[in-house]
Amino acid sequence: MSKVLDRHLIFRHRDIENIQNIDTYIKDDGYSALKKALKEMKPVDVTNEVKSAGLRGRGGAGFPAGVKWSFIPKDIFPKYVVVNADESEPGTFKDREIMEKNPHLLLEGIALCAYAVGASASYIYGRGEFLSTFRPLQQAIDDAYKHGFLGENILGSGFSLDIRLHLGAGAYICGEETALLNSLEGLMGQPRNRPPFPAVAGLYAKPTVINNVETLSGVPYIILNGIDAYRKYGTDRSPGTKIFSLSGRVNRPGNYELPLGTPLRHLVEECGGGVIDGKQVKGILPSGAASSIMGGDKLDTHLDYESMVEAGSMLGSGSVIILDETINGVWAAKKNIDFFRHESCGKCSPCREGTHWLKSVYTKIVDGHGTKQDVDMLGTIIGQMEGNCFCPLGEFVVPGVRTSLGLYMDEYLEMVAGNEEASQPQKDLIHTFF
Amino acid sequence: MSDQVTLTIDGKTVTVPKGTLIVEAAKQIEQEIPVFCYHGKLSQVGMCRMCLVEVGTPMFDRATREPVLDENGVQKIGFFPKPMTACTTPVSEGMVVKVDSGAALDDRKAVLEFLLTSHPLDCPVCDKGGECPLQDLTMKHGSGISRFNYEEKQHFPKKYPLGDLIVLDMERCVICTRCIRFQSEIAHDPVLAIENRGRHAHIVSYSDPPFDSHYSGNATDVCPVGALTTKDFRFGARSWEMKNVPSICNHCGVGCNTVLGTRKGGSGTGQLKRVMPRQNETVNELWICDKGRFGHHFNESPNRLTTPLIRQDGQLVESTWADVLPFIGEKISSIKSANGSTALGGIAGARLSNEDLYLFQKLFRQIIGSNNIDHRVGLNANFEDTTAYTVGVGVGTDLSQVGKGSTILVIGSDLDQEAPILYIRVAGASVKRSAHVINIGGRRTKLDAQAQTSAYYQYGTASYLVLGILASVVAQGLVNQEWIDRHATGFSEITKLLQDFAPDSVADTTGVSSAEIEAIAKSYAEAENGIIIFGHEAGNDPALGAAIEALAAVTGHAGKPNNGVIAVLPHANSRGAADMGVVPNRLLGYLPLEGEAGLSAEQMLSGNSIKGMIIAGADPASESDTYRECLQNLDFLVVQDLFLTETAQLADVVLPAKAVAERDGTFTNLERRVQTFDVGIDSPLLAWSDWLILAAIAGQLGADWGYASADGVMAEITQEVPLYQNMAFENLVAPVSLDRQTDHYIYEGMSFTADVHEGIQWATVAENEQQKITLQLVVPENHTGSDEITLVTPRILYDGGRLLAETDVVQSHVFQTRALLSSVDAKKLGLNNGDSVTISQNGTAVNLPIQISRMLNEGTILIPRNIEGRPAERLVGSSDVHASVKVKKS
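Keeping their order, the protein sequence lines are chains V and D.
The opening position of the first sequence corresponds to residue 69 in the working numbering, with each subsequent residue numbered one higher.
The opening position of the second sequence corresponds to residue 123 in the working numbering, with each subsequent residue numbered one higher.
Hint data in this document are derived by calculation from the structure and do not stem from the laboratory.
Don't take every hint at face value.
To give an idea of the interface, some chain V residues facing chain D are shown, with a C-beta separation under 8 Å as derived from the structure [to be verified]:
{"hint": "1", "residue": "418"}
{"hint": "2", "residue": "421"}
{"hint": "3", "residue": "452"}
Residues of chain V placed beyond 12 Å of chain D at every Cβ, according to the derived structure [as the list claims (entries may be wrong)]:
{"hint": "4", "residue": "82"}
{"hint": "5", "residue": "206"}
{"hint": "6", "residue": "225"}
{"hint": "7", "residue": "274"}
{"hint": "8", "residue": "344"}
{"hint": "9", "residue": "375"}
{"hint": "10", "residue": "378"}
{"hint": "11", "residue": "417"}
{"hint": "12", "residue": "419"}
{"hint": "13", "residue": "422"}
{"hint": "14", "residue": "427"}
{"hint": "15", "residue": "484"}
Simulated restraints on C-beta separations [said to hold, decoys possible]:
{"hint": "16", "chain 1": "V", "residue 1": "142", "chain 2": "D", "residue 2": "890", "range": "47 to 57 Å"}
{"hint": "17", "chain 1": "D", "residue 1": "225", "chain 2": "V", "residue 2": "132", "range": "28 to 38 Å"}
{"hint": "18", "chain 1": "V", "residue 1": "197", "chain 2": "D", "residue 2": "200", "range": "28 to 38 Å"}
{"hint": "19", "chain 1": "D", "residue 1": "227", "chain 2": "V", "residue 2": "377", "range": "24 to 34 Å"}
{"hint": "20", "chain 1": "V", "residue 1": "410", "chain 2": "D", "residue 2": "243", "range": "23 to 33 Å"}
{"hint": "21", "chain 1": "D", "residue 1": "228", "chain 2": "V", "residue 2": "254", "range": "35 to 45 Å"}
{"hint": "22", "chain 1": "D", "residue 1": "228", "chain 2": "V", "residue 2": "485", "range": "30 to 40 Å"}
{"hint": "23", "chain 1": "D", "residue 1": "227", "chain 2": "V", "residue 2": "485", "range": "30 to 40 Å"}
{"hint": "24", "chain 1": "D", "residue 1": "527", "chain 2": "V", "residue 2": "254", "range": "29 to 39 Å"}
Since we're looking at a predicted model, the values are computed, not measured.
Even glycine gets a Cβ: it sits at the ideal position worked out from N, Cα and C.
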């Protein structure tokens, strides 16, 4: 395995054993950032520092964290910090490793964020399957309380913070921030209308910061070591390191923390040890099921927010899934659609009905009963969904299907070859009669 | 900044108030934007995506904030990259909206195709067919062919009973959640929800019993597809076959505007197929309760009286009008000459129209010469209100507009049971518009959940409490002296009396602390608008009426819109009965009676001075054994009614009357709004309108009235009753279109446009600069606390009333005779649900099963009025509301 980083910023547990133990964590300068902030910095300085460091949201959208924090109104109380630990994009498993192996880093990040925005309560919202992850995390929280890093009057600063864990019931949609808030409030996990944005009226209609686990875990390093130290990693517009969850047809799948801007080829070949059996890369899903699929020729794309968009996809949450020649492109697209059909929350018609319809057509094609008409229909269905869905998750369905149609059309046609096209009269009944 | 915003929709300019949604702005220029989930009365969710439009806003340079101009010097419009939902996007200055552009039309077609992928397309057998937004919008915007694989359609049960009144066909549902939002936001019965997600999502009811709400029928109206249908109307008729007739609900005093959907049957006679709400924003908005919707079957009941009956050899036998009318004339004349006119008396129920009641009192006062008339029997027995005359809510009052800065004081009324639509309007004023609703009663009621303040008094002390509030208003210096000087006299006299009722002194008696009383007084007096709503549970107490009148007057909360007093009267025309002077001690229009007052209903029915009676639309025999005995002993009894009631069974002559759907007339609702209802269906051939029967009897007694129609009677009322001078029929009927209007049912959920403020309120004394209110207080009777259990007897919606008994679908909702007891008392007495108890008071005892209720306070037992066996009336008497009783396990 190549070592690009001399020191992990977030995956510190890979450098230091037992860092989930609070004493080990403290010994490694743990909670020093919090001490520094509480003693030497005003809340607004923390926000500004994070803003200048250019830390961007690691949940997928890449929105600058410091800018998000600065939207929080000063004069409305209470405020909340909500941590999005509903890690449910297929192929993403980075937050889980942070919470299990280096939990205090996250807690310190939350405390810094809460201090910056003036919140005294924080909730970590995890997916329902995270029970085994939340047990050690709860242990870490208990330890932090005992050491005075959480609770009333932290380190004598007058700043208080409580952190509570909450497990959802296991729904992809609850990773969408407003659906997450609904779920946390005990409502149905469905997205809310925006505006108002969570920064204005979020949890219980109060100003709320929602950040991903990895985003907040990046904060302590910035506060402790400064902007320049952080900007040493990554590119100018995508500074810092990012954890990539590599999976699919590679020899060494797993999480890899790399500076942003690292070439994709490095991740696949150096970190992942190349494709199984030395096969060719056929497709890359750089951000899970929601990805635009990139062809194998895009391996030299750099892993940062801008380069990935230029290459026609996006960085997202960094869940890189590698397809090789043994994988059928239609089958892979259908797997994604099965996922979306299962996870559509049902709030808006295009996503609820569109995913259901797509699954129906894909099943027909993969089962060998499809026709050329069906393949064409896939294109029109996603066209009808695009731009019309209530929340981004409905829109996420579109790029995967569209790029798979573009990249693997020959496989689609092969699957439907020889099947008769339906010969029923395509008569426009309404307009015949009226 | 201006409060108006100008924008362009498809090239047309429209100016609307700031904050208006695009969909509403478009409606103003009659540009229809199709919707499913949007409903003007509900919160916006933007989930059906049907209303997607292209939206652009004027472009400004980011750095300089200068407008960006095109080559012609016109400011450029920047369109949003994605279409926007017109139902959630508010307008902004200079906005450009494209509704009928190619892209927007494509989006609409796309969304419709999605919605139809799993829709069963069973329009030919669907009750919504013909008035279905999905059907109409598909015709307008949809594709004519179906691309979805038919075999893959989702299947759900086709007739799932969501409650016992509402049937769900989940296959037709488009998951717009209008029904769920109606139940939580308007009805405040959040009993519906979505279960599961994605395409498996379906509507469920979580309550027990399922869909436990008095408003469930409205969910079928707001449903934009045929997913929700009522058990009553299901497969009953096609919407286009029906003739729609404007009517007024006759079940309570609210006066909801309704539409009778009638159809000519095979025999050629009209059939009443359904009752739906008719929009009137000042009365019922878009809603009616389930009793009003389903309780119409009495009109066409096979049990109706169809011909006059006359007693021969002890039996009632069929007769003819030609035979019975002269007989009635003879008998009345002979009693009059033998015993004098005061031996004759009459009782008219408050369900009769103003025209009937006017002629009823005219017959007795002018032709017979007796003041022995009354309407206060049955549910009306313990409740008559005259505060409306002086300080009733001002003309133009509209509870749907009452909000922030207003205080609504609800005293002694369970609105959800007694006047359901009033309940949702008061609850809405509180929850949606932030009015301060103060719910005061002897027990917890549903309104407590929406009221910001609740207070509980000991039964029998409501008048003390109101006097305490009044004393506190005076003590805190919150009186409106200017208003008092202009409109009232006697203020200084009442202040002396109030010294005995300071909050401190009434706190112990009432059980409400002086701090609470002071806070209530302050909120009410300082409010911009103040409304008092009081009901019969506060007690049949002259001291209460006087105190409420004084409270409204000294705070100046009278004589103007959204201020004043509403009495929650029981019947459709209880207000009209009081207006028409169907009481022994007062004339028409609240004018004083010169000379001796007549006998009240209670006096007539418990003494022996009355020899002959006419009873119209009332059934006193059913409520008391004393009454029954008295009626049996009469020399002559005429009853006019729809059914052979217990009273009619005692009569010498029974006359068949027309039901409300078969005739026209006017009702005056509890806000004093006079409203007309129209003829919807044919009556039994020999049934007559009550006013016509009364005119015929008068004719037999020598009068020559010559009324030809109900509006002819009203024409005379306008001459005789100054309060009613503007109530001629032509003034009461605003131009209402009951033609089906597509856009109206797409947006509002019903077929008929009628955004009217129909009906006319008569003006109170407070609104009349020439008259003054004489403030007078009545000292309440001494209240002695009791260690015994207090029996309370409220009105309920689904009671054992004769009219409701004819509707089969609601029979399971009708209150099964039992008593409700608090869990504390049940424990003390060692009782479990269903155990039988003996409740006794002054020698009367009844045995009833009990149900333990968490809504009751310790020391209270509840039996509703007007239920099977009339146990409540037997224990407390007709005219009382509560009594101390002994309860023991039997």
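Cross-check of the supplied hints:
1. Here the hint on residue 418 of chain V is kept, as its CB sits about 6 Å from the closest CB of chain D, short of 8 Å.
2. For the restraint placing residue 421 of chain V at the interface with chain D, the shortest Cβ-Cβ distance is roughly 4 Å, inside the 8 Å limit, so the hint holds.
3. Because the beta carbon of residue 452 of chain V sits about 3 Å from the nearest beta carbon in chain D, less than 8 Å, this interface hint is met.
4. The non-interface label for residue 82 of chain V is consistent with chain D: the shortest C-beta to C-beta separation is roughly 38 Å, beyond 12 Å.
5. The Cβ of residue 206 of chain V sits about 28 Å from the closest Cβ of chain D, beyond the 12 Å cut-off, so the non-interface label holds.
6. The claim that residue 225 of chain V lies off the interface holds: its Cβ sits roughly 39 Å from the closest Cβ of chain D, which is beyond the 12 Å cut-off.
7. With 12 Å as the threshold on Cβ separation, the claim that residue 274 of chain V sits away from chain D holds: the shortest Cβ distance comes to roughly 19 Å.
8. In this structure residue 344 of chain V is separated from chain D by more than 12 Å, as the shortest Cβ-Cβ distance comes to about 34 Å.
9. Even its closest Cβ contact with chain D, about 22 Å, leaves residue 375 of chain V beyond 12 Å, as expected for a residue assigned away from the interface.
10. Remark: the non-interface label on residue 378 of chain V is consistent with the geometry, its nearest Cβ contact in chain D lying 18 Å away (cut-off 12 Å).
11. For residue 417 of chain V, the shortest C-beta to C-beta distance to chain D comes to about 5 Å, within the 12 Å cut-off, and the non-interface label is violated.
12. Non-interface call for residue 419 of chain V relative to chain D: violated, since the shortest CB-CB distance, roughly 8 Å, does not exceed 12 Å.
13. Residue 422 of chain V, annotated as away from the interface, has a beta carbon of chain D within 12 Å; the closest lies near 6 Å.
14. Not every C-beta of chain D lies more than 12 Å from that of residue 427 of chain V, the closest at about 9 Å, which undercuts listing it as non-interface.
15. The non-interface label for residue 484 of chain V is consistent with chain D: the shortest C-beta to C-beta separation is roughly 14 Å, beyond 12 Å.
16. Evaluation of the 47 to 57 Å hint for residue 142 of chain V and residue 890 of chain D yields a pass: the beta carbon distance comes to about 55 Å.
17. Between residue 225 of chain D and residue 132 of chain V the Cβ separation comes to about 32 Å, which falls inside the hinted range of 28 to 38 Å.
18. A hinted range of 28 to 38 Å for the beta carbons of residue 197 of chain V and residue 200 of chain D is inconsistent with their spacing of about 44 Å.
19. Taking the beta carbon of each, residue 227 of chain D and residue 377 of chain V are about 31 Å apart, inside 24 to 34 Å as hinted.
20. A C-beta distance of roughly 26 Å is found between residue 410 of chain V and residue 243 of chain D, which places it inside the suggested range of 23 to 33 Å.
21. Evaluation of the 35 to 45 Å hint for residue 228 of chain D and residue 254 of chain V yields a pass: the beta carbon distance comes to about 39 Å.
22. With their beta carbons about 31 Å apart, residue 228 of chain D and residue 485 of chain V fall inside the hinted range of 30 to 40 Å.
23. Between residue 227 of chain D and residue 485 of chain V the beta carbon distance is about 36 Å. The supplied range of 30 to 40 Å therefore holds.
24. Take residue 527 of chain D and residue 254 of chain V: their Cβ atoms lie about 32 Å apart, and the range 29 to 39 Å holds.
Violation of the numbered hints given earlier is confined to hints 11, 12, 13, 14, 18; the remaining hints are satisfied by the structure.
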